[in-house]
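For reference, the chains in residue letters:
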Amino acid sequence: MGLDRRAFIGLVAGGAVGTLFTPIPWKITDDLSIWTQNWHWIPRVPRGEVTYATTATKLCPSGAGLKVALAGGKPVTAYGNPEHPLSQGGVSPIGASEVYMLYSPSRVRTPMRKAGGKFEPITWEQAQADLTAKCKAAGNKVACISGDAGGTSGEVFSAFLSKIGSSAMYAMPGEAGPAAAGFKLMGGQGVVGFDIDNADCVLILGGDIFEGSGVSVRNRKAFCASRSQGGAVKARFAYAGPVRNHTGAVCDAWIPVASCQLGALALGVAWHLLKAGAAANAADMADFKKLVEAGYSPDKVFKLTGVPAEALAKVAASLAGAKAPLVIPGSEMGQGMGPGAFIAGMSLNLLLGRMNKPGGVMALPEMPAVFPGAETPSEILARDLAGFLKNVGEGKTPAPEVLLVHAANPAYGLPESAAMAKALEKIPFKVGFASFMDETAAMCDLILPGSLTLERYDDVVTPYGSAFCSYTLVKPLLAPIYDTKTPADFILDTAKKMNLALGHDSLEKALKEKAAVLAKAEGFMAGQVMPWEVLAGKDKPAFDAAGMWKALEAGQAWVKTGQVAQTGLSFAAKVLAALKPAKPELCLAGRAPQRVGTPATGIPAQCTTAIPASDFKDGDVYVSMNAATAKQYGLSEGSRVTLAGAGATCSARTHLSENVMTGVVAVPLGFGHTAFDAFSKGKGDNFLSIMSASPEAGTDMTVWTGSEVKIA
Amino acid sequence: MEERQSNKAGGVGGVVLLFLVGFVGSLVIGWWVFPQLLFSQKTQPVRFSHKVHAEQGMDCESCHTYAKTGQFIGLPSTASCAECHPDETGGATDNEKEIDKFVNQYVKPGVEVPWLIYQYQPDNVFFSHAAHQGFECTSCHPDVANMDSPPPYQQNRITGYSKQTMKMWECERCHASMGTSNACYVCHK
Chain A
1 MGLDRRAFIG LVAGGAVGTL FTPIPWKITD DLSIWTQNWH WIPRVPRGEV
51 TYATTATKLC PSGAGLKVAL AGGKPVTAYG NPEHPLSQGG VSPIGASEVY
101 MLYSPSRVRT PMRKAGGKFE PITWEQAQAD LTAKCKAAGN KVACISGDAG
151 GTSGEVFSAF LSKIGSSAMY AMPGEAGPAA AGFKLMGGQG VVGFDIDNAD
201 CVLILGGDIF EGSGVSVRNR KAFCASRSQG GAVKARFAYA GPVRNHTGAV
251 CDAWIPVASC QLGALALGVA WHLLKAGAAA NAADMADFKK LVEAGYSPDK
301 VFKLTGVPAE ALAKVAASLA GAKAPLVIPG SEMGQGMGPG AFIAGMSLNL
351 LLGRMNKPGG VMALPEMPAV FPGAETPSEI LARDLAGFLK NVGEGKTPAP
401 EVLLVHAANP AYGLPESAAM AKALEKIPFK VGFASFMDET AAMCDLILPG
451 SLTLERYDDV VTPYGSAFCS YTLVKPLLAP IYDTKTPADF ILDTAKKMNL
501 ALGHDSLEKA LKEKAAVLAK AEGFMAGQVM PWEVLAGKDK PAFDAAGMWK
551 ALEAGQAWVK TGQVAQTGLS FAAKVLAALK PAKPELCLAG RAPQRVGTPA
601 TGIPAQCTTA IPASDFKDGD VYVSMNAATA KQYGLSEGSR VTLAGAGATC
651 SARTHLSENV MTGVVAVPLG FGHTAFDAFS KGKGDNFLSI MSASPEAGTD
701 MTVWTGSEVK IA
Chain B
1 MEERQSNKAG GVGGVVLLFL VGFVGSLVIG WWVFPQLLFS QKTQPVRFSH
51 KVHAEQGMDC ESCHTYAKTG QFIGLPSTAS CAECHPDETG GATDNEKEID
101 KFVNQYVKPG VEVPWLIYQY QPDNVFFSHA AHQGFECTSC HPDVANMDSP
151 PPYQQNRITG YSKQTMKMWE CERCHASMGT SNACYVCHK
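Protein chains in written order, with our numbering: chain A, 1 to 712; chain B, 1 to 189.
Zero decoy hints are in this set.
Pairs of lysine-lysine, DSBU-like flavour, derived with a Cα cap of 35 Å: (1) Lys68/B x Lys512/A; (2) Lys74/A x Lys108/B; (3) Lys189/B x Lys74/A.
The calculated label-pair distances, taken between Cβ atoms and stated as ranges, are: (4) Ala542/A x Lys189/B: 42 to 52 Å; (5) Tyr633/A x Asp123/B: 46 to 56 Å; (6) Lys167/B x Pro46/A: 22 to 32 Å; (7) Gly117/A x Leu75/B: 48 to 58 Å; (8) Lys163/B x Ala479/A: 33 to 43 Å; (9) Cys140/B x Ile34/A: 11 to 21 Å; (10) Lys189/B x Ile34/A: 15 to 25 Å; (11) Lys189/B x Ala129/A: 51 to 61 Å; (12) Leu75/B x Ala479/A: 16 to 26 Å; (13) Lys189/B x Asp30/A: 15 to 25 Å; (14) Leu20/B x Asp30/A: 20 to 30 Å; (15) Pro121/A x Lys108/B: 26 to 36 Å; (16) Lys108/B x Ala479/A: 14 to 24 Å; (17) Val17/A x Met147/B: 33 to 43 Å.
None of these hints come from the bench; they were simulated from the model. These numbers come from a predicted model, not from an experiment. Beta carbons: idealized from backbone N, C-alpha and C, even for Gly.
Can you build the whole structure from these sequences, using the hints too?
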């Protein structure tokens with residue numbers, strides 16, 4: 001019998017039918033479906049025992065303590081640390097992203113040197129040799145821009161510059177800089193903080209204090225505590241600013257006013273307080289009174305700001321009638337404010353007698369330095385980075401030979417960003433201590449990748465806005481994932497090789513020394529008793545100085561509530577007299593939602609789904625304006641708009657919102673990245689690029705809040 | 001013409017015969033050869049004798065512990081094994097040689113043993129041992145307490161999972177028999 005065609009078909013058919021009575025088709029189908037669940041690019045759930053460790057966020061300016069969940073030793077989620085005074089269990093979107101950012105596709109994984117316009121990987125030894133040679137050749141023409149001027153890491157960079165004879169240490173702009181400069185002009189000593197917890201009437205001038213401004217997580221907790229569910233309202237909040245942002249939305253009142261006119265508004269409120277007999281023990285009280293009475297009467301303020309006299313009178317009456325009023329000056333986008341506007345806001349606190357009082361403004365002492373020669377954070381913060389770079393760009397100031405960029409992204413995060421990036425191009429050798437391939441790192445000649453928060457020792461020292469001194473340890477929870485180092489450790493080692501002894505071999509040792517110094521400074525470990533309770537009169541708990549380091553390692557924060565006594569504090573009336581509040585026809589109001597990260601982080605991947613459609617939709621960024629403004633410029637919901645300012649333009653679509661005052665375009669910052677990764681890159685424009693950096697009359701510090709804008 | 005008819009007549013029987021050959025052959029392949037091919041066999045890196053430990057009065061929870069959080073830790077770490085086996089025995093028996101192998105290869109370098117887990121569930125399954133504490137371990141796991149050598153680990157070449165990994169229908173059958181909800185969210189969070 002031969003195997004002809006029919007027989008073969010019979011064999012195959014028999015096999016096929018038989019196969020249906022076996023597990024083969026069913027098992028393979030089932031297994032293939034399971035196989036598709038485990039493709040290598042699909043994230044896996046880490047296995048192992050779930051444990052918890054503590055640290056604090058460095059990427060978020062709130063400085064909140066973190067409680068990190070680890071599975072099998074790998075961090076998986078970050079929560080707020082309930083024991084930490086700056087967190088109380090709360091965490092910001094950026095703080096929560098500390099875990100996920102470890103695996104960001106834009107992380108720089110190895111030291112790199114630029115050659116022929118492209119980066120090539122090099123060893124740490126080669127990188128150190130390059131940096132050493134360039135620094136030696138540059139002499140004292142070395143500058144540094146730091147995004148962490150307040151921490152001990154910033155102190156290391158400052159001490160390094162000091163050793164080589166340079167004082168060109170700059171901090172990225174925020175609210176702390178103008179506050180430091182302004183308080184200095186007022187003759188103040190120490191650093192200002194705001195005791196929201198113990199205040200019963202708070203006027204917020206501009207700052208988005210419940211979103212990204214200052215110790216935002218702490219501020220939110222204080223706000224919640226003031227109006228617990230079912231309980232009496234303990235404090236009233238009013239927000240003055242161009243946009244009813246996350247802060248304005250929850251306050252009891254919103255006073256629409258352009259950010260460039262916040263100073264005028266404050267002095268308008270001062271007019272009412274003076275009228276009611278308020279006075280302060282300041283040398284220039286008479287000058288201040290004369291200035292306010294002459295220039296900031298209700299009708300003049302109305303003409304300038306559009307805020308009716310009744311509204312000003314109501315605010316003044318609320319403040320004057322409160323037991324513990326507090327005025328918090330700031331900027332709606334956390335940067336760009338001038339010292340003059342800060343002083344104007346602070347003048348209200350002086351008139352109300354709120355310096356160093358519970359629920360008022362606290363003048364905090366600066367933390368002792370452990371690196372000889374390092375400048376204080378206030379000295380660094382008071383310098384004008386935007387003005388410096390603008391002058392470099394315009395050839396008015398010589399460019400440094402070497403620029404060290406630490407935890408900062410000045411090529412993106414400054415006003416007139418394109419002009420700033422051009423100024424950076426003039427610097428012959430730029431070194432980026434960058435964790436991510438951001439816009440500045442992409443311009444650098446040498447990139448020294450920095451370990452992220454969860455991979456390194458570091459600290460959080462009294463973040464701006466806090467009403468008490470605090471010190472929190474940041475400790476590594478895992479070994480660096482990539483070939484990265486702690487920037488401060490690398491600088492310490494480099495200094496040693498250059499025979500510039502900075503005083504410590506490693507940052508960890510320096511932090512231990514700092515803790516030992518602080519242990520003698522009459523503070524205590526927060527936890528059972530919180531610092532705002534002590535400010536309100538509660539007894540300080542006992543402090544175990546010997547166990548401080550262990551307590552820091554366990555995630556507790558050292559805190560101190562003592563204030564710096566003020567002698568000779570004034571209104572800086574001469575500065576206020578020189579203020580010239582602008583009145584642009586149409587001005588910008590920046591919004592800095594934390595969901596889109598910071599200039600140094602880009603947009604955290606896990607936050608992309610939380611960006612509202614009113615900010616970004618279908619590839620377009622949306623700017624907001626109210627219906628009246630839109631009508632004036634012939635715009636409607638969704639229409640395309642080109643904004644022009646500072647010699648640059650930005651494109652966006654229009655979103656109509658009555659949360660924006662008339663004559664203002666609210667722009668979301670954090671978009672328009674040209675670096676980082678797919679989560680950040682190619683999403684709209686960077687609106688900082690159309691904000692004009694101009695000197696503030698009276699202080700000469702660069703300001704860019706309320707920049708004038710044209711609709712092209 | 002005659003030849004073709006003859007072929008046709010013989011062909012029908014041949015076709016039927018070959019159909020049966022194909023049918024039976026595929027049954028043999030499907031039920032006997034296919035399972036052999038689908039699963040590879042692996043042995044544990046250390047021949048751990050559950051029997052020896054059980055004979056010393058240890059129960060499952062002595063090593064397979066729960067964390068304070070209630071999370072089932074699963075396998076003991078090298079460090080916890082080393083609490084009883086910190087040093088080489090120097091002995092000549094098979095068991096002593098295996099202990100020495102464990103000490104030299106894992107305790108001294110301080111690395112975890114890459115144990116092959118018989119019943120790892122996929123990532124999309126949330127299985128709580130704490131919720132099943134009322135059952136005997138052997139209700140789901142092989143009764144290894146009576147085994148001197150761990151059973152061979154049979155790994156599915158397509159999925160990568162062990163042959164002993166409990167399938168969803170098994171979970172559902174038990175839940176149904178116990179009157180426990182079989183809603184999706186019970187196991188898939």
